[in-house]
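In the order they appear, the protein sequences are chains A and B.
Numbered according to UniProt numbering, the first sequence spans residues 1 to 621.
Numbered according to UniProt numbering, the second sequence spans residues 1 to 621.
Quick caveat, the hints were computed from the structure, so don't treat them as lab data.
Please note that the accuracy of each hint is not assured.
As the list claims (entries may be wrong) - The list that follows gives simulated cross-link-like pairs (lysine to aspartate or glutamate, EDC-like), each with its CA atoms no further than 16 Å apart:
id: 1; chain 1: A; residue 1: 85; chain 2: A; residue 2: 127
id: 2; chain 1: B; residue 1: 85; chain 2: A; residue 2: 544
id: 3; chain 1: A; residue 1: 85; chain 2: B; residue 2: 544
Protein chains: 2
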Amino acid sequence: MTARSIATVCLSGTLEDKLSAAAAAGFDGIEVFENDLIASPLSPSQVRRRCADLGLSIDLYQPMRDIEAVPRQDFEANLRRAARKFDLMTELGTDTVLVCSSVAPQAMDDDELAAEQLRVLAGHAADRGLRVAYEALAWGRHVNTWEHSWRIVDIADHPALGLCLDSFHILSRTDDASGIAKLPGDRIFFLQLADAPRLAMDVLQWSRHYRLFPGQGAFDLPAFLGHVLDAGYRGPLSLEVFNDVFRQADPHRAARDAMRSLLWLEEAHALRSGRAEIARPPAPPQLLGHAFTELAVGGAAAGTIAETLTAMGFTHTGTHRTKPVQLWQQGRARILLNGTITDHHHPDLAEIGAFAVESDDPGRSAARADAMLAPILPRAHAPAEADLAHIGAPDGSSIFFCRTGSDGWLGDFTPTRTGFELTAETHSPVGLTGIDHLGLAQPFDYFDEAALFYRAALGLDLEDETQYAAPYGLVRDRTVRNDTETLRIVLSSTLLRRGSWAPGVPDPQHVAFETGDIFATATELRRRGAPMLDIPANYYADLDARIGFPAPELGCMAALGIMYDRDDHGEFYHLYTELLGSRVFFEIVQRVGGYRGFGAVNAPVRMSAHRARRLTLHPNS
Amino acid sequence: MTARSIATVCLSGTLEDKLSAAAAAGFDGIEVFENDLIASPLSPSQVRRRCADLGLSIDLYQPMRDIEAVPRQDFEANLRRAARKFDLMTELGTDTVLVCSSVAPQAMDDDELAAEQLRVLAGHAADRGLRVAYEALAWGRHVNTWEHSWRIVDIADHPALGLCLDSFHILSRTDDASGIAKLPGDRIFFLQLADAPRLAMDVLQWSRHYRLFPGQGAFDLPAFLGHVLDAGYRGPLSLEVFNDVFRQADPHRAARDAMRSLLWLEEAHALRSGRAEIARPPAPPQLLGHAFTELAVGGAAAGTIAETLTAMGFTHTGTHRTKPVQLWQQGRARILLNGTITDHHHPDLAEIGAFAVESDDPGRSAARADAMLAPILPRAHAPAEADLAHIGAPDGSSIFFCRTGSDGWLGDFTPTRTGFELTAETHSPVGLTGIDHLGLAQPFDYFDEAALFYRAALGLDLEDETQYAAPYGLVRDRTVRNDTETLRIVLSSTLLRRGSWAPGVPDPQHVAFETGDIFATATELRRRGAPMLDIPANYYADLDARIGFPAPELGCMAALGIMYDRDDHGEFYHLYTELLGSRVFFEIVQRVGGYRGFGAVNAPVRMSAHRARRLTLHPNS
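The task is simple: from the sequences and hints, build the whole structure.
Now the structure itself:
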């Protein structure tokens, strides 16, 4: 079992904050980032003791910069500076220092000189029982590939000089790092891991602002880790992630997120390589779809939502035996209205408080989530009630795992006159057959955490982020889904924390229902008086200019508020209700062919329409 | 007088929000961004009427994309789409459409074909009395310079086809746009203006996320505007700024900021070119330095601050005749303690509520600021009191213009026993001689607005932004100063809106005092029991490793909490008090030689020390 480590620079706060967060998340060790130590009131020996008390080893001191391939006079000054840092490392109780390849203008393109100077430095380190890990920065002046850094280390040929491999510096420049597997493993002194989104960006800016924890970005880190372990590296797996959001977010949450990323990476690597020596969490059971979505509703919103569900063809089929919770059904679409939250300050509260996933093995789903550091939530249930497995999601809501029909959660409800077994007549009166997806707005600080959470804890597939310009700022979307496309969640957040002037904070959430005939469904919804959202005529004029529709169809779409998108695989028709209560709306979608998206291109129009409607109803909101 | 216009894409909100904001800020016209119209419930003719009611012309419809240099079949589809948009433009009452150079993969590198297709498009436009403005995107597939777009327009040779020049697309690729002056002015159909910081970044990302209003960035827009006007262009000066922050900030403020940027640009151009036809605001009078800084203090903080000022060698020299305001002095450093704000919820309130600038002509300073759209604030003053000119700053504080000695603001104060004319003995007991600078944390949404505000309204020099990693996230700094370096303000803000976990929100502000002998001053401050901030020993160990100091000096600095920085021009010594009340601290600085900075490299250490000290005093804060 390899040790797990994290660089202090990954986390927000003072050094003391960072150490306690890393320890609480279960890390075995840390990399001390120099600036964190400099700003700390703790002396190096106090830091050493604090780490020992917390069960943390100090695996690396970093960084030394612009050391090698420099004129003799500069190198002498560097040695003097290094000697001071070596003293400090001894006091700190760490034996490895990171030396980044030179970026200084005076650095020379001279491998022999670089090797000679690093050999001298390593000699001084060895005299004190220390060692030097040399890393090629992706933007190093002359040395910027791992191959080049290895050539220099090889020439220098000193036992106290080895490599530091950093996945960002390597994978930002090449997708193929398989050559690493041929390195002698004992010359790899340290391994730093970071993921990142694919961005068209200056590599230094990309590195310093946009790194992510493994599993959150686009790099193939399981393969990368495989190459390094194949080489024989057995040192710590250490995270070094510079990220603008993590830098200012709760370090305890970020550290837990970081640990989850290593657990995910180790499992992904083990699955790919078939290595048995790596402990694995319980495999995620197959998830089969959305079981129910539970809306927390305040006193005033409860009526609005119930009326809307009625107009949308849902039937109130059950009432919870012990709590003010109603079950509403249509086809396989189930909505719970939970009135237990009686916050008199927010009578219009309406939000997705929980959702339930159909799992092949609910108990193992929960055990899996637990192993992936999802909080297992205690549930107050009466003795005869179902004990559903139940975890906390990053946005503060809850996720249940269940198996409708076999685990008996329906038994907690007393059937209404209609009963759970809906008749043909009441089964799907407007044609809604199930839940297509949920749209869950995430807290700004935890958007990337949420992406990895759903990927690692639920075993869902994670797609790349997309961004679009919305009326109140740029919005980020990432989708998670199961492989059978029966469970889909669109996570969204603002690119910047939203301005104080913008309405609708926190951002709305929604439940999207599927239909096989959106025109019939929409017509019936209008006839029944459901509060459907009108879409501006300008939208249809543009749609027609862009795509072209037969006039009758376009007229119908405009009259019914149906929006449209298409991709290489198929077509997408969708429409919305008004905003209901504080932050919920419903969507109805029809997928034609293999369309995989969610109509993000139409989201800004929907947001403006929601805003316009709110202003009509509440002119001062 | 040229008309002033703004693209709706610059502003946050719905189209209606944007129109009302543009009109309120005094714009003559707008560019309608297609997506804003599509999302609006107003029909094109309603938008036309709304604009007419607001006194706004619609100067441009934008954009059409990927129109030209494409295969015949694509072009026919493009013409069909364009016809629909021409209908819409007619309804909207605008006569010019922006066509961006193709980025599509199917676009061909064929100037003749591009010209031929644009000529056909222009013909259709001309049939309806419309015209086409062709713009080279900096990332256009084949056409990405203004010269190339002009070659194509020249070949096409159609009266309804001309150029749109966009300063970003041009200046992001070259500093020399002087060739524009030789264009026939009547073929420049439209001018879009945007500034930007110099960033090492993919040009498309740079353009879509980081544009700024003129005067906020690094481009030489006065020269650029000169070339375009020299060519004979007489159309509107129109702003097109894509900026992530502005996209989510109050559009009324952003529109006012935008208008200020045009006023600044027009003046800067007029000053450079000597053009008399452009109306100019009153020239900024010479600003001579800091007259006083006024701290708003709550009941509990007032005592802390007064004790601190006393320990720092300040003398309470006067009391306001009618208000609970005290004047404290040392040398030319003057601090007012204003206790008029009695917010019982915040007894520890301590913040910079106002500051006063010595002006050669206070009345003209105020008139200048007024012309640059700074709010002139009414001031309640008793009949015999001085009527100081007084404006609102972007952070909600106030700025006074005065001339200490001649305009008699001191006359509003009753001297204490000591009196205003300090004796040699009380003049500067710890050696503080004046105010070196103010450190003003700015609201996240208005950091760039603040930079232009100080540049335009006060006539100060604005420096480029710098960023540094601080314990609770990245911090942006920009400095404004007068040419004699007697007035300096460091504006700061977080790069992201700060996380909810971080302490110290809103961020601290500070007043920095100057001394000629920081060691003597620091020794005396410690002797007098001033609440000085201790700096960790680790800082000094690193300083010594980096720079090397004689041991006695370094020991002294550590004992006194003196920090150090240097640049090519000189050295900087500085130290801090603890945080006082809610968000204020004092700094003491000594500049040696021509050092121009503010020791930003040390700011993270200071922040950590402030945090550690707060935790010592208030363990649960």
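For each hint, the structure was consulted:
With a CA separation close to 14 Å, the supplied pair residue 85 of chain A and residue 127 of chain A stays within the 16 Å bound. Among the hinted pairs, residue 85 of chain B with residue 544 of chain A is consistent with the structure: their alpha-carbon atoms are about 11 Å apart, no more than 16 Å. Straight-line distance between C-alpha atoms of residue 85 of chain A and residue 544 of chain B comes to about 11 Å, which keeps the hinted pair within the 16 Å bound.
Figure legend: structure checked against the earlier numbered hints; every hint is met.
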